[in-house]
Amino acid sequence: MRVIVRRVGWGLIWVALLVFAFLAYQLFVTDFLNGRVQAEAKAELSTELEERRVELPDPEVVTIEDTAPDEPAAPTTTLAPITYVPEVAGEQGSTLGRMVIPSIDVDEVIFSGVNADTLKMGPGHMPGTPVPGQPGNAVISGHRTTYGRPFYDLDLLEGGDRIEVETATGRHVYEVRRTLIVAPDDVQVIQPLVGAWLTLTTCHPHFSAAERLIIQAELVEGPNLAYANILVAGDVHHEENT
Amino acid sequence: MRRIWGALPGPTPVKLLESLVLLVVVLVALFFLFEWAGGLLDSGGAITG
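Protein sequences appear in the order of chains A and B.
Note that my numbering gives residue 206 to position 169 of the first sequence, counting from 1, and the numbers run on in steps of one.
Note that my numbering gives residue 96 to position 7 of the second sequence, counting from 1, and the numbers run on in steps of one.
Please note: incorrect hints may appear among the correct ones.
Chain A stretches covered by chain B per the calculated footprint, using a threshold of three residues with CB under 8 Å from any CB of chain B [what the hints assert, rightly or not]:
#1 60 to 71
#2 148 to 156
#3 174 to 184
#4 220 to 231
#5 243 to 256
Everything labelled a hint here was simulated from the structure, so no lab data went into it.
Glycine is no exception: its CB is placed at the ideal position from the N, C-alpha and C atoms.
Could you build all of it, start to finish, from the sequences and the hints given here?
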């Protein structure tokens, strides 16, 4: 009997050590690894953005003709031309820009792609959605409790809080409009939206991947704001660049 | 530990080498186990439709 008790005791000690090692790895080692990558990425950010800027397509000038809807024969008025600055995402794992959320102390370099390796480096831009600052619904995902936990406090964001994203095309400022909690496969939240939106996704609740916390924010400042506004007004049809 | 050391074949230098290999194998196995289990805590937050 004593031998069995001793073996069970040793077994429990080993299990406890294993759990302790697991928690230490998840909470400290992954943070340390992510911190090194982020520090390096921040140091090289301006160079990376400059390289991306060189590869950007030329800005487009959009001219809108305004005709009274009930008088098709009436003369049209040409409004002031609006500049649209396009940008497409780079290859998986490449630097895309920087995201700052002052109200929850987030300051992270963001990368292209949302595969496991990319998200270990920092928040990632979902392929197939527009780059932040572009018309449509730009989607960025990030870890909640491991690998630097960039989105740990995302649930504390309130309507009107600002999210600043710097990309090769400039600085884009969004304001939080809504918070949702959805299933991990609820693709509705990443569907295209009219105007220019930013959707942040992360795991929910803390220490669980059972659900997703979604923050949706609308562009309020940036080089493409005027273009986004005319999309909302319905004056122009936009083909998404992703 | 003592039992594992005793079960390793060969003289002490060989046992040391075997222990090192065993340690690396255990650490690699733990790494994959922790990575898999970590995905249950926090998968990265992407929508996987």
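(request) List in ascending order the numbers of the hints, as given earlier, that are violated by the structure. (result) The structure breaks none of the hints.
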